[in-house]
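Let the hints inform the model, and build the full structure from the sequences given.
Residue-level listing of the chains:
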Amino acid sequence: MTSKFKGSRLAGLAAGLLLSASFVGTAMAQDVTLSFLVDNTDASTVTVAQALADAFMAKNADIAIELETRPGGGEGDNIVKTRLATGEMADVFLYNAGSLFQAINPQQNLMPLTAEPFEANVIDTFQKTVTAGGDVFGVPFATAMGGGVMYNKKIYADLGLSVPKTWDEFMANNEKIKAAGKVAVIQSFADTWTSQLFVLGDFYNVITAEPDFADKYTNNQAKYATDAAAIKGFERQEAVFKGGYLNEDFAAAKFDDAIRMLATGEGAHYPMLSFAAGSVVSNYPENQADVGFFALPGDDAAKNGLTAWMPSSLYIPKTTEHADQAKAFLAFVASTEGCDVQTKAVGVTGPYLIKDCTLPADVPAVVADLLPYFQRDGGTAPALEFLSPIKGPALEQITVEVGSGIRSAADGAALYDEDVKKQAQQLGIAGW
Amino acid sequence: MNYLRRNWIGILAILVSTIVFLVPFAFIVLTALKDKRQSSLREFSLPNGFHLWDNLVEVIQTRNYMVLTAFVNSAILTVASVTLLVIFAAMVGFVLQRKPSAWTGLVNFLVLAGLIIPPAVVPTIWVLQGLGLFKTLHGLIFIEVAYGLSFCVLLFKAFVATIPRELDEATIIDGASPLRLFFEIVLPLLRPVVITVILVQSVAIFNDFTNPLYYLPGTKNVTVQLTLYNFQSQYNTSYNLLFTNILLITIPPLIVFLFFNRQIVAGMTAGAVKG
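Protein chains in written order, with my numbering: chain A, 1 to 432; chain B, 433 to 707.
Hints are computed from structural coordinates only; laboratory data are not their basis.
There may be inaccurate statements among the hints.
To be verified - Quick list of in silico lysine-lysine cross-link-like pairs, DSS-like style, CA-CA up to 30 Å:
1) A:176 - A:154
2) A:344 - B:652
3) A:327 - B:567
4) A:318 - B:567
5) B:468 - A:154
6) A:254 - A:165
7) A:223 - A:391
8) A:81 - B:567
9) A:242 - A:176
10) A:355 - A:344
11) B:468 - A:153
12) A:223 - A:303
13) A:165 - A:176
14) B:652 - A:59
15) B:652 - A:81
16) A:153 - A:165
17) A:318 - B:652
18) B:468 - A:344
19) B:468 - A:182
20) A:254 - B:468
21) A:327 - B:652
Shown next, in the form of structure tokens:
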């Protein structure tokens with residue numbers, strides 16, 4: 001060991017320490033910097049958030065907005081909860097409405113916005129999903145979605161089929177598509193979350209049959225296994241498997257595979273949320289006109305309607321030091337100007353939940369099929385997760401089992417009731 | 433033929449390791465060459481065109497050149513953490529092994545506790561906030577040092593035992609101070625284990641995902657592993673960009689390893705002979 005070698009090692013150590021010490025955060029030049037935490041659940045979220053921030057900064061020179069992203073799914077829930085618990089939440093953040101919103105303890109952590117004038121612009125159905133203890137806490141970000149069936153219009157045209165209004169018509173269509181040698185129903189159980197649509201998307205039919213189902217369900221009075229309307233979602237998923245309508249690789253296919261099959265006409269139906277239109281547009285632009293959308297059909301053609309998913313919401317944590325600026329940003333998002341910025345950034349993905357927002361005339365085929373449901377009175381009902389704080393976390397595993405014929409519909413529904421019970425007890429809801 | 437029969441286990445091992453290590457790497461490279469549509473098929477196939485350059489440009493430009501910031505942060509994090517780890521762990525290991533005292537039992541217990549008790553996120557953040565270190569890179573450096581220290585202390589302690597005590601005594605008789613004894617005599621002799629610690633901890637810290645995710649929030653503070661989330665999400669993943677990003681952040685450690693390969697091996701064998 002020469003002394004030269006030693007010297008260089010000590011120098012390296014010193015340099016390392018110096019570098020780390022000099023890397024303390026630098027101050028911003030602008031008057032106020034708002035941090036804005038968004039998830040990256042689908043590709044357009046960050047784009048929309050950036051567009052809104054840029055437009056807002058152009059109008060307010062003294063406020064800068066810094067975008068920060070976090071993962072979605074379970075990891076994202078942990079981050080949001082950790083940062084709220086430690087008081088380190090960004091000044092404005094994006095998170096789900098409905099049952100997940102109830103789980104972050106809004107009355108303790110979030111700033112109530114009930115008295116803010118911009119809340120008057122928000123449509124009532126959305127406000128209900130971000131209300132806790134009589135106070136409103138959020139402003140809608142992006143557009144509402146529908147849960148139903150995406151279908152290939154070319155196959156429908158070739159086989160002379162029409163959009164089904166009842167479950168029997170849907171199954172009859174499946175039979176014809178299968179006879180023609182195509183995949184009737186695409187499933188992609190490698191991404192387990194995609195398996196839940198038959199159950200969750202059927203909620204419009206449940207609530208039209210039993211208008212008070214959501215309350216009874218929250219109060220431990222209605223069960224999936226014993227309720228005649230609610231169990232149908234599970235039964236229908238089983239019927240589709242038993243009919244042999246699924247793609248051969250349903251257990252191994254992923255969401256991207258399903259989109260490919262649907263767009264290129266290998267398969268006819270894919271039960272999915274309407275945001276998937278974005279994946280079709282970005283991966284198969286030449287096929288985007290071939291993909292349409294209809295609500296999951298029920299028993300009665302006269303009572304056909306759509307289960308709607310509310311978009312995520314923007315919240316302000318109580319710990320923010322820039323409450324006024326954060327509120328100004330939310331006011332901008334909840335204005336028609338905010339809607340126009342979003343449309344310009346990613347095109348139309350669905351209807352906005354801000355009053356007086358307009359949509360351009362040319363919209364993608366899926367959205368064009370989606371809008372009539374929203375324009376008709378009573379044409380949509382929010383999904384159960386927006387009406388009740390309880391959603392069992394294991395539903396996606398159970399629907400994979402039912403959808404692959406491993407478990408019967410009755411068994412799956414009973415197992416889901418158990419799962420719901422655990423969640424309700426964990427949330428401390430009365431009557432469980 | 434005879435050669436084959438005698439060495440079939442070795443040949444089999446080479447074949448297996450080729451499959452286990454090179455095939456995934458080939459998959460990364462192939463996917464990074466594809467465009468978005470072909471990559472979404474996730475097949476082990478040749479790309480239908482050369483898209484690496486486009487992917488590379490897009491990955492680097494994403495979110496205002498976030499990858500470059502991330503590289504600087506990760507480099508500082510790794511170098512500083514590993515440097516501190518080596519110095520502190522070697523010092524503690526040396527003293528623990530050479531100077532038994534009333535404290536030895538307690539210190540040994542604490543070192544073991546560091547290995548056994550899992551750290552919790554929220555209390556750690558609370559401590560960092562109290563010290564004013566939360567959301568700073570040096571705060572995260574201390575976290576990494578704290579989490580890695582126990583393991584390294586044990587390694588050093590075991591290795592110091594193999595250095596003859598007579599060396600220390602001779603140095604002290606010649607008039608060296610304790611610090612000089614440590615830095616000029618003991619630390620150079622610890623070279624093999626220092627290299628082991630540097631290797632193991634650099635890989636662990638450079639690849640660390642959860643600690644930066646929780647302890648270092650903020651766009652300015654990203655590390656390389658966190659940039660993967662720019663392209664991967666619950667509903668929508670750009671596999672071509674994701675794998676280009678993986679390729680990009682796998683290469684620096686690989687280059688470092690190739691460069692220092694000779695020194696690493698030399699260090700290990702030198703240590704083995706000297707004891």
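Do the hints match the structure? See the list:
no.	hint	verdict
1	A:176 - A:154	holds, 14 Å
2	A:344 - B:652	holds, 28 Å
3	A:327 - B:567	holds, 25 Å
4	A:318 - B:567	holds, 19 Å
5	B:468 - A:154	holds, 24 Å
6	A:254 - A:165	holds, 28 Å
7	A:223 - A:391	holds, 13 Å
8	A:81 - B:567	holds, 17 Å
9	A:242 - A:176	holds, 16 Å
10	A:355 - A:344	holds, 18 Å
11	B:468 - A:153	holds, 24 Å
12	A:223 - A:303	holds, 23 Å
13	A:165 - A:176	holds, 16 Å
14	B:652 - A:59	holds, 24 Å
15	B:652 - A:81	holds, 21 Å
16	A:153 - A:165	holds, 16 Å
17	A:318 - B:652	holds, 24 Å
18	B:468 - A:344	holds, 23 Å
19	B:468 - A:182	holds, 26 Å
20	A:254 - B:468	holds, 15 Å
21	A:327 - B:652	holds, 24 Å
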